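The two chains are supplied separately, each in an independent frame; assemble them into the complex guided by the hints.
In case you want the letters, here they are:
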Amino acid sequence: MDRRHFLKQSTLASSLFFVPSFVKAFESMSTSNLGYKRLVMIQLSGGNDGLNTIVPFNNDAYYRNRPKIAISKADVLKATDELGFHTSLRPLKKLYDEGHLTIINNVGYPNPNRSHFRATDIWQTASNSNEYLQTGWLGRYLDTYGNKPYNAIEIHDSLSLALKGQQMHGIATTNPAVLFKTSQDPYFKNVLRHYQDEHLSEHNLGYLYKTMIAAESSAKYIFEKHKTASSKQEYPNNAFANQLKTTSKLINSGIETKVFYSSLGGFDTHAGQLNSQARLLKIYAEGIEAFVQDLKQHGTFDDTLIVTFSEFGRRVKQNAANGTDHGTASNLFIIGNQLKTPGFYNDLASLSDLDSNGDLKYTVDFRSIYATILDKWMAVEDQTILNASFPKLNFI
Amino acid sequence: MKSRHIQHLFWRAGFGVTPNQLNDLVKKDKTQVVDELFSKSMQMNELTIDTSEIDHLTTKTITKDKSKQRDFRKISSEKLKEYNVHWINLLVNSEQTLREKMTLFWANHFVCRDQNIFHVQHYNNTLREQSLGHFGDFVKAISKEAAMLKYLNNKQNRKQKPNENFARELMELFTLGEGHYTEKDIKESARAFTGYNNNFEGEFILRRLQHDYDFKTFFGHTGRYDGDDIIDIILEQRQCAHFVCEKIYKYFVNETVDKNRVEELANIFYKDYNIENLMRQIFLSDWFYDEVNIGTKIKSPIEFLVGMRKTVPVTFEKTKDLLKIQKLLGQMLLNPPNVAGWKGGKSWVDSNTIMLRLKLPSIILANAKISIREKGEFEDTFEKYYSSKKKNKFVQVKVDWDTFNKQFESVSINELKAQLIVSKLSRGTETYLETLNQSSKQDFCIQLMSLPEYQMC
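Just so you know, the protein sequences line up as chains Y and Z, in that order.
Anchor point for the first sequence: position 50 equals 50 in this note's numbering, and the numbering is continuous, going up by one each time.
Anchor point for the second sequence: position 180 equals 180 in this note's numbering, and the numbering is continuous, going up by one each time.
Just so you know, the hints here were simulated from the structure itself, not pulled from any lab data.
A few of these clues could be false.
As the list claims (entries may be wrong) - Mimicking EDC-like on lysine to aspartate or glutamate, the simulated pairs with C-alpha atoms at most 20 angstroms apart in a straight line are: (1) LYS324/Z <-> GLU131/Y; (2) LYS343/Z <-> ASP143/Y; (3) LYS320/Z <-> GLU131/Y; (4) LYS155/Z <-> GLU201/Z; (5) LYS184/Z <-> GLU131/Y; (6) LYS359/Z <-> ASP157/Y; (7) LYS189/Y <-> GLU434/Z.
Just so you know, these numbers come straight off a predicted model, no measurement behind them.
Only chain Z is shown next, with the shape it has when bound in the complex (with noise of 0.2 angstroms):
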């Protein structure tokens, strides 16, 4: 397989590939890197931290003590930013490159958020189970999930009082998309989800007194209906399989929609709800490898900040300075923005975000310097500029570069350049770049990473 080609799958499927990974792919054909890709995704390894401060609380230790409440509370939102840190290390170690993308995908799809740290955890790891599954038993285990029932009140949905929320994002989110469902639809649905409840260990529960045994009509269909039977009405909709197909491929392969590439990929996906077969079409096929789709997509933050480390290893010794870094770049995981997730694309990137990520591989790796020397030029004359400034440290980090020059040891100035940068150059950069003094691999790194071009995967 050519070796871009290699690289826009990893990019779309993962974080990007390395220097020896790249070696060893370009040896084999498309299907057999496509398989191996799957292959390596088959096995879940959730993702947990250590809890054992809160582990022994249990419903009855917690109802009735506020001081224990309150100590929880704390607890649980040290230990959430403790779990978002593990997830983007997660990102960058994992050999489980397709379903971590994925998990990540699901995230911004069934968007939720939540305060208890073990809601929290489950939900994520349900995500990372159900990820590469069947559509149908995902939207279901999404349903009774307790941070989901929290987030869309479905807690509060009694058979006496309905609160429609869920009902509604499940179909206007989840699944169909605005204006394939009629207001009555959400009523009856809502009915349907009536009595969800979940216990303080976060399982699923169904209170009969509040759960609505009645008849519900929903799209044509009548009959006591609970929220599953409901879910599997959704799917039988043609909406819901090409609602999905559209929105995979505006993440993974462009985010302007060829109309008869998603209409084909909805015929496949409708026909079993199969995650893994869809995506498996998409990277099999060849209009995925088009120039056009190659590129051309802008990273998140969070691809940007784990493609970074994939190429230079780093280590942040402080937890605020990671978070910090995904609050100002727009993108924290676990704080979505509202039910609607992050826009992604263009949307990502505004006067005020675009100078840090251009200046934040300089920040992480090089306390905030790159390098502007010229060929044949022996002084330094950026040093003046920087020379001025304070020394100081922006974060606190250790940067592993002995990793990264024994990974790129075979690996040309030229080279280095087609593997960091996906994206083709803009002209004048690219005359730009000729002129620079290209004797060191490191700065020359942080110089392509420094490019609008490199936010482009």
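Next up, chain Y with everything else stripped away, as it sits in the complex (with noise of 0.2 angstroms):
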């Protein structure tokens, strides 16, 4: 290390001492303690079948349209005297009991698509179903409210619509050490310290540089923030369970990341739909429970709505295949510390009186709990960020 290099260390780790305690203690207040909300959005790709998810253990319409897939009365696990969960969702029956989730039924939109992609696009961009956005919504949330791509972080190692706006775009990584790896490559280092702010920055080539030094200095500091907290919480083995885990060190560490965006994908149960959901589902609660644990020893699970999605559930009656095809409307669970109405939040839509497809009925859009999301959770204007009013509802 050469002397001058040293000397600028020494100055700023000495500087960090004379910062008086209370200064620091509330530093880190404000961003964990003093309501720093965040929000986890959780896409359950492929479209899960919501019937058998929250099952209408006491409705004949159910057992005669799935004579091969219904899941029986004595295995579901009951929560009212119509509704009761699916066998593998025992951690998440548990946080019903405890008053930590909450479930809206037959969420969806007008003239719903049942293209997994079409319909992943509405959910993500929050727009009309002939309507083709080219921003996500939290994207748009970014435009307006954020001033650093870290300040929506997707677990994966590529961003969704969701999260890309007009001007900012989130960032996307699996692993934030792998992240912060190839951000450090040496000849770039090189190039960007030779680099010299010429009048570029309006034209492409200076953006290119810019961007390349955001890129660099957000994922130092998602690293850095991903190195100091430690967990002491188990999690299962798994893709999913490594999402969240990865997303409970980064909100313990006090990072300032409003969204974080994870999913789990293998949902299109057109056949065999049994095993497979039952598997998916295990995965699913079993990773809310860890994640959920590792929060509340951390004491930030009070500011944290956790928001678990589908692109749309699926047919009401079976197909031939022992699966269920394309559907529309479907239940959605938020879960979390502060909520105003624990359990159901409304009822399940009528199964005999369907669509012309033989389809659940939407009652509520899922743009409404998006704004009520964004006005009561974030605090910040709906209607700037989602194009048009919601009706809010009152869950948290």
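Here's what the structure looks like:
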């Protein structure tokens, strides 16, 4: 290390000693203890079958339509007289019993689209079904209220449309250490060291350099935050649980990230649904259990809201391959410690009054849920972000 | 013609130029160079892959057999991956440079996505065939493509229950642009496209019982129009020529529009809607070669990837790797994000993609190593950085450095810089490059490709 470099580091280090401890305490409080609210979005990709997730075990139409794949009444973890949880969701049932879970039934939107691709876009952009938006709803949140890419992080190797705004994009990383290593390539460091801003900033090339600098500093920031957090919580050994583990480490580090995004795929159960869905719901529920436990241990559960959705539910009637085809409205989970209406937010829609495809009719527009989260949880203007006004709900 | 201008032309009308091509072209004048570019693209070679496993299937054999349908879907989706790889290989190797670049452009204009390999293949070759032809014929052909009939739900558009999706996008995205038609125009024109359908083989069928033969009133005209008539009326609108020219200008010239130039082009295009003439006009103009237009466009991921492979030939041993790279860079061919297509420009680049873009040449060509050896330095300091890392093959590729060495044999290190980088180098970076030990052309090639400047064309 050369002398100048050493001096620089030591002044930086010593100046830290002079910061009065109450200021430091205040700084850490401002992010984790004074209501730095965070949102964790989880997408169950492929279209999770809502009816076999939250089971209407007293409904004849349910058993009539699904002779081979209905969950038997005896297996259901009963929550109310009508509805209960899939056997794999025991940990979720526990959260329900503790008042940490709100289930909103029949969430959808007008003129639903049954393509994974389009339906995912609609959910991620918060568009109408006949409207093609190029920015995600959380990307637009970043545009208006964010100032750094890491204000929204997706735990994945590429970034979803949901986190892409007009000017700002969130950042995607499966592993902060790998992201950091890439950004620390000595060649890039040398290039950046020599770079002088020569009024290039408005031009495309200047934009590339600026983005490169921002990426390097974001990678460093995320890595350093990630490094500081420790966790004693055991997580199951699978990719989904790893996503949640990384998320909790980041949250518990006090990182300035408002939104986390992750997903669990494989829910497109056209054939042999019973086994595959049971396996996936188990992965989901056990991951969530460890995650919530971890947040509780660090006192960050109060300020974290976990929302789980799927791009659509599935047809009421089973198909010939003991599976289900693409449907429409389905249930959505809200997990947190500040829920106003724990339990079931609303009743399940009728299983006999279906749309022309034999799918559930929606009663709650998913954008009403977004609007509520933006307004009541993130405390921002939902109309600016959603480009329209949606009636708000009172689950938080 | 000046070599810088040739490079500019070939980056915009293709994917860059090789040293041999350049040596040959600098001896010619602009008209000759442009003529040759067009004459080479007059021929059209279809892009097809081997589908013999499923060629025997017909509507009859498949309609009632669910398990055959499942098998077909499976094979088809594998074949689509193969088709993607073949398309990219074609972009690297084709002699019809301009035709291929135009095909890529139109694929992001008439945006479409489908799961059926036969229909995708047919659609792709229609784009290729029409790419330099008459715009009106082009739109009519697209309106009858199986893949498009499905993608924009025109198959569900029936007299009894019209579906307006195709009619809307036809005007909003393909021909006129938002705000240049009314909701009534959409309703009336949707009726003209009712009954459009296709069979399993992908051939167009008009289902007479579902077609609305009644009068429609569209842009002030009334008649018993079908879809082709509607397209003819759209072409009569000057706005259509204007809309297409502006999009072409943004893609081929500069994303910042010069209104007078676009107007000039629209006037020419409106006369005959001949795409070839329009492109020739652009490439022969003086303003196309203005400095503000050279090296100022951010390469699309495909331009970046194909351009790199034209300089250093690479064979991907696993289809999966090439698909993954496209996905991470944000542009997987045959998989556009939605009907509006990829936005392009700055939207290609964010904190996620910039690092990958800068790192990708070294990942593919040199196992992720970029030399930082400086002049007069014998010990590889960068080896220390990398030696701590496990030896790791990121992608399985065969890199053909022999061809590179042969191609660039007579090119000096300094010329190499001018060959690979069209954009102006930022001052600090230029200084840094000078400090590097430039004894290995291969190392220097990777260093150049790892600069932000290499992302520009």
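Here is what the structure says about each hint:
Proposed proximity of LYS324/Z and GLU131/Y is contradicted: the alpha carbons are some 29 angstroms apart, above 20 angstroms. Pair hint LYS343/Z plus ASP143/Y holds up; C-alpha atoms about 17 angstroms apart against a cutoff of 20 angstroms. With a C-alpha separation of about 32 angstroms, the suggested pairing of LYS320/Z with GLU131/Y is violated against the 20 angstroms cut-off. This hinted pair checks out: LYS155/Z and GLU201/Z have alpha carbons roughly 15 angstroms apart, not beyond 20 angstroms.
As the CA atoms of LYS184/Z and GLU131/Y are separated by approximately 18 angstroms, the hinted pair is consistent with the 20 angstroms bound. A threshold of 20 angstroms between alpha carbons decides the hint, and for LYS359/Z with ASP157/Y the separation of about 15 angstroms falls inside it, so the pair holds. With a CA separation close to 16 angstroms, the supplied pair LYS189/Y and GLU434/Z stays within the 20 angstroms bound.
When held up to the earlier numbered hints, the structure conflicts with 1 and 3 and fits the remainder.
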